[in-house]
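We have chain A already, so just place chain B on it with the hints.
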Amino acid sequence: MLMKVIEGTVSQLRTLGMIFMHSFRKRETLSYPEEPVPLPPRYRGRIVLTRDPDGEERCVACNLCAVACPVACISLQKGEREDGRWYPEFFRINFSRCIYCGMCEEACPTSAIQLTPDFEMSEYRRQELVYEKDDLLISGPGKDHDYHFYKVAGLAIAGKDKGQAQDEAEPIDVKTLLP
Amino acid sequence: MATIHVDGQRYDVDGADNLLDACLSLGLDVPYFCWHPALGSVGACRQCAVKQYQDEDDTRGALVMACMTPAADGTRISIDDDEAREFRASVIEWLMINHPHDCPVCEEGGHCHLQDMTVMTGHDRRRYRFRKRTHRNQDLGPFIAHEMNRCITCYRCVRFYRDYAGGEDLGAFGANDNIYFGRHREGVLESPFAGNLTEVCPTGVFTDQTHSARYTRKWDLQFAPSLCHQCAVGCNISPGERYGELRRIENRYHGEVNRFFLCDRGRFGYGYVNRDDRPRRPEWRSDRDDACVTLEVDAALDRGADRLRSARRVIGIGSPRASLESNHQLRALVGNDAFSTGIAAAEQRCLAVMQALNHGCGLPTPTPREVERHDAVFILGEDLIASAARIGLAVRQAAQARRETLAAERDIPYWNDAAVRTLGQDRYHPVFIAYPTATDLDDVTAARFALAPDDIARLGFAVAHEIDDNAPAVAGLEPAMGEAARDIAARLLAAERPLVISGGSLGSEAILEAAGNVARAMARRARRGGLLLVRREANSTGLAMLGGEPLEWALDELASRRADAVVILENDLFQRLPAARIEAALDAAETVVVLDHQRTATWERAHLGLPAASFAEADGTLVSLEGRAQRFFQVFDPAYHRPETRIRESWRWLHALRADLLRHEVADIALDAVTRDCARACPALGAIVDAAPGADYRVHGLKLAREPHRYSGRTAMRAHLDVSEPRVPQDPDSPFTFSMEGYNGFDRPREEVAFAWAPGWNSPQAWNKFTDEVGGHLRAGDPGVRLLAPRPGAYAYATSIPEGFRGREDEWQVMMLPRLFGGDETSSRAAPILARATPATLVLATGDATRLGVSDGDRLVLASHTGSLTLPVRREATLPLGVVGVPAGLAPAPVAGEWARLAAARTEGPGEEGRP
Numbered sequence: 001m002l003m004k005v006i007e008g009t010v011s012q013l014r015t016l017g018m019i020f021m022h023s024f025r026k027r028e029t030l031s032y033p034e035e036p037v038p039l040p041p042r043y044r045g046r047i048v049l050t051r052d053p054d055g056e057e058r059c060v061a062c063n064l065c066a067v068a069c070p071v072a073c074i075s076l077q078k079g080e081r082e083d084g085r086w087y088p089e090f091f092r093i094n095f096s097r098c099i100y101c102g103m104c105e106e107a108c109p110t111s112a113i114q115l116t117p118d119f120e121m122s123e124y125r126r127q128e129l130v131y132e133k134d135d136l137l138i139s140g141p142g143k144d145h146d147y148h149f150y151k152v153a154g155l156a157i158a159g160k161d162k163g164q165a166q167d168e169a170e171p172i173d174v175k176t177l178l179p
Numbered sequence: 001m002a003t004i005h006v007d008g009q010r011y012d013v014d015g016a017d018n019l020l021d022a023c024l025s026l027g028l029d030v031p032y033f034c035w036h037p038a039l040g041s042v043g044a045c046r047q048c049a050v051k052q053y054q055d056e057d058d059t060r061g062a063l064v065m066a067c068m069t070p071a072a073d074g075t076r077i078s079i080d081d082d083e084a085r086e087f088r089a090s091v092i093e094w095l096m097i098n099h100p101h102d103c104p105v106c107e108e109g110g111h112c113h114l115q116d117m118t119v120m121t122g123h124d125r126r127r128y129r130f131r132k133r134t135h136r137n138q139d140l141g142p143f144i145a146h147e148m149n150r151c152i153t154c155y156r157c158v159r160f161y162r163d164y165a166g167g168e169d170l171g172a173f174g175a176n177d178n179i180y181f182g183r184h185r186e187g188v189l190e191s192p193f194a195g196n197l198t199e200v201c202p203t204g205v206f207t208d209q210t211h212s213a214r215y216t217r218k219w220d221l222q223f224a225p226s227l228c229h230q231c232a233v234g235c236n237i238s239p240g241e242r243y244g245e246l247r248r249i250e251n252r253y254h255g256e257v258n259r260f261f262l263c264d265r266g267r268f269g270y271g272y273v274n275r276d277d278r279p280r281r282p283e284w285r286s287d288r289d290d291a292c293v294t295l296e297v298d299a300a301l302d303r304g305a306d307r308l309r310s311a312r313r314v315i316g317i318g319s320p321r322a323s324l325e326s327n328h329q330l331r332a333l334v335g336n337d338a339f340s341t342g343i344a345a346a347e348q349r350c351l352a353v354m355q356a357l358n359h360g361c362g363l364p365t366p367t368p369r370e371v372e373r374h375d376a377v378f379i380l381g382e383d384l385i386a387s388a389a390r391i392g393l394a395v396r397q398a399a400q401a402r403r404e405t406l407a408a409e410r411d412i413p414y415w416n417d418a419a420v421r422t423l424g425q426d427r428y429h430p431v432f433i434a435y436p437t438a439t440d441l442d443d444v445t446a447a448r449f450a451l452a453p454d455d456i457a458r459l460g461f462a463v464a465h466e467i468d469d470n471a472p473a474v475a476g477l478e479p480a481m482g483e484a485a486r487d488i489a490a491r492l493l494a495a496e497r498p499l500v501i502s503g504g505s506l507g508s509e510a511i512l513e514a515a516g517n518v519a520r521a522m523a524r525r526a527r528r529g530g531l532l533l534v535r536r537e538a539n540s541t542g543l544a545m546l547g548g549e550p551l552e553w554a555l556d557e558l559a560s561r562r563a564d565a566v567v568i569l570e571n572d573l574f575q576r577l578p579a580a581r582i583e584a585a586l587d588a589a590e591t592v593v594v595l596d597h598q599r600t601a602t603w604e605r606a607h608l609g610l611p612a613a614s615f616a617e618a619d620g621t622l623v624s625l626e627g628r629a630q631r632f633f634q635v636f637d638p639a640y641h642r643p644e645t646r647i648r649e650s651w652r653w654l655h656a657l658r659a660d661l662l663r664h665e666v667a668d669i670a671l672d673a674v675t676r677d678c679a680r681a682c683p684a685l686g687a688i689v690d691a692a693p694g695a696d697y698r699v700h701g702l703k704l705a706r707e708p709h710r711y712s713g714r715t716a717m718r719a720h721l722d723v724s725e726p727r728v729p730q731d732p733d734s735p736f737t738f739s740m741e742g743y744n745g746f747d748r749p750r751e752e753v754a755f756a757w758a759p760g761w762n763s764p765q766a767w768n769k770f771t772d773e774v775g776g777h778l779r780a781g782d783p784g785v786r787l788l789a790p791r792p793g794a795y796a797y798a799t800s801i802p803e804g805f806r807g808r809e810d811e812w813q814v815m816m817l818p819r820l821f822g823g824d825e826t827s828s829r830a831a832p833i834l835a836r837a838t839p840a841t842l843v844l845a846t847g848d849a850t851r852l853g854v855s856d857g858d859r860l861v862l863a864s865h866t867g868s869l870t871l872p873v874r875r876e877a878t879l880p881l882g883v884v885g886v887p888a889g890l891a892p893a894p895v896a897g898e899w900a901r902l903a904a905a906r907t908e909g910p911g912e913e914g915r916p
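Top to bottom, those sequences are chains A and B.
Under this note's numbering, the first residue of the first sequence is numbered 1, with each subsequent residue one higher.
Under this note's numbering, the first residue of the second sequence is numbered 1, with each subsequent residue one higher.
With the rest of the complex left out, here is chain A:
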């Protein structure tokens, strides 16, 4: 009985001591929002649409992000520009549904859609969480600096004719007799 009382008292005092010693340690928490949160570059936060090295929209409206999205919060419509490029006429992400899983980024064949280290998206009204293309499109290439889909695709666009993509031969001419 006596031993138990002694053991208990010592344990209590030791705990008090340890807690007290924490006052002298380095803090784990941040005084957010006064202090910014350091996020790793591959953090999965707010989604952006990037541009290719030419400064043109990377998104070709292939719909793969939308179909990969497990909560179906991406919707878009394909359009076609004068120069032959496909682009999204509208591109809408309902961030009130988004779970930031990154499946869209993984599915994207052109590196257009990317998740960024930003989670500061709170709104007072849910409707404000619906982002349109204007809200999503940034002016740079994001994490992938070099990829240019139309350089590898067979589709001809203005400034890149048939046969001018990577590893492409000149267009064939069936009317020639030369071997």
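Simulated from the structure, these hints should not be mistaken for laboratory data.
Keep in mind that this is a model prediction, so the values were computed, not measured.
Where is the CB? At the ideal position from N, CA and C, for every residue including glycine.
Each statement offered as a hint is correct.
The list that follows gives simulated cross-link-like pairs (lysine to aspartate or glutamate, EDC-like), each with its CA atoms no further than 16 Å apart:
1) A:160 <-> A:170
2) A:162 <-> A:83
3) A:175 <-> B:186
4) A:151 <-> B:102
5) A:160 <-> A:54
6) A:175 <-> B:177
7) A:160 <-> B:102
8) B:132 <-> A:170
9) B:132 <-> A:167
Ranges between beta-carbon positions, derived for each pair:
10) B:128 <-> A:127: 46 to 56 Å
11) B:727 <-> A:43: 30 to 40 Å
12) B:38 <-> A:127: 48 to 58 Å
13) B:89 <-> A:43: 36 to 46 Å
14) A:21 <-> B:721: 56 to 66 Å
15) B:298 <-> A:43: 52 to 62 Å
16) A:138 <-> B:604: 45 to 55 Å
17) B:447 <-> A:89: 53 to 63 Å
18) B:721 <-> A:16: 54 to 64 Å
Using the frame of chain A, we list chain B on its own:
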């Protein structure tokens, strides 16, 4: 029957097939490219290699191409064999050497046979590091986009286009790597079946250009089983919708009607559903000259009911392009004795003759598929490619089937396409066409008789007399025509299954009676034949069975003020009769209520316009020209994406209007109840209740899904309107849901399939999973019920034989010539069809043109009782003298058979020209 062993398992198969056909019919997955159920085997792509063993003791085996090997009794093969798998993986790797990195920007992606086969074969890494072959594309017209880089040289396109559909302007140029599939020079693909290239091509070389501008992947489209409304054949289609717009029409397999192929009018003529100027809310004008105001549903119904209640007598004008249910509800609203079918009297008389013949000539009506199995065809007064294109394609197959007969005599299997074609050359089963102008089937005909309508009838009567002496003889028959009649009669009698085709295109009852006489004569000679009669519009057959007064009657009632209010259902009267007469009638009416989905000239004259649903937004039943009642189902709810729309099915509007008129509480009504009422009210249509399963149909307790299970964007597509998603629209009318939730598989047989998808099969080739055998019938049976069966009895011959045609000095007899593009009321409101339509021309015999001193392109004024029309002339050497062909689909349209004067247009400026 034959027993084959596949990977150690025994299967019973049809021994006449090849191994690929047999394996696919058994549900086994074998990859393939060049083979197609309708085109046979050529063994070009080497993709369907399997290992064949000689007997039980053979362990080495040898690789064979499944599509080129008969499924003979005792055949032992292995699909899973390592060597065979490796071979197939190598083949696809070779095929992919030149394939561009295009899938994200390719309209085929997501329903691509090449993608499916690549995944099935397991090829997933590109090892080839050298350069890819590239090609320049061609502009192939408003329907088809061309991206030649994606070609894997399977040759399916030219085999379909040239060998199956008889097209001449698409070819393969060059060989091996120096190859091109296209036209000899840029230009519109001429074949009216070119649209099928989008489904026949296993990759994205030929894609649907009408879809491309507003492109959506197949997995994102909402589908429903629907019917083509662009002619009377009743082809089954799967329209796909996204964001409240119809985006695409895909073929829906029906084992007896369209099978794998549609015509371009049906596939690309849907644009009228998406028109911006469609009425979307009720419109009201208290007086004709007032500007219209839009109303809410209740206000519109109240005002409409008030006006109808205060009217002395209300009559209804139905429509052959509306469903049976809508027409029936209109008849219920106005009463049986105040209902007009909305069809002009002349056409309605032809429809009545056709219906009587279908019952009473002793020969059955063949389905379009059965048409292909007839070995002699006699076509009276129809240009099938223009009036019922899918039937025309079937007749072409009937002619070409001679090859298979010849092959069978030499023990060459019917599916060995190259051998069969080489053997057949240009030998065809006899097809005789009696039609004034050239037709697209002329290249397979034994003879075409370019005759005026009355002479076509006389030729028919003469043939009937040659077949059976009891049939009335034609007095004063020209010797040449008598010779022709003897020849036709002999060839028809020599055939095992002769077929007579006729229809109302030329508006001549005499031609129909002549066709009836030929059919009766063959029935009396106990021939297994068929009689197919072509109607003009989607529900012409059904409306003729429903019955009602002709349109002229309705106009007379209004003009003479025996009725002062009229309800017009989905019918632009100005397309049917001269404008003056219609205007007089509508001006006389105190109240005009119009229900339509298009802003037509008739709509503009309505006091109350109610926005009706087009085929994509409504359910209903149509009766096709073979007497098949089929149901079409609503594809999407227009109010989901555009909450401001007040579009309802016509039958729903009319039900509500009737309830309001009778001051009943407006209780909603469901499709099944309306269909039942219609069947009860019209005993001839009693079977339409069984045309499709009712709204309570379930599979595994589930409703059926309209959307593929990968349907994306559900929580974002409407988020710009409101971030809180509403409940998906509920559908009380059909067993389908507006959702991905519900059954969409293939393992439980069902008749109504919204879209074909099976694991690993995203392309239209997935239909093979839904059929009892490849190219056979849907496993649950093909949709629809047949209503027109021959009734036993003794049938008398028609005896009113017209006099031979005699031209007049200064007048020409008008023939209305159907047109595939631009000749039908709704599809000619779609931009791609207008772009494809050839300019309207008057067709004149070269002799007559010389007499008038005009040549091709000169403008002529055609003046008749119904108004005048200025059009350029096209001369045709074989056209009989004294007649002039006027293209259908123009307003004001002259009446077929009337006499008109022709004169050169005085100025070169635009005259009072009809709508193209």
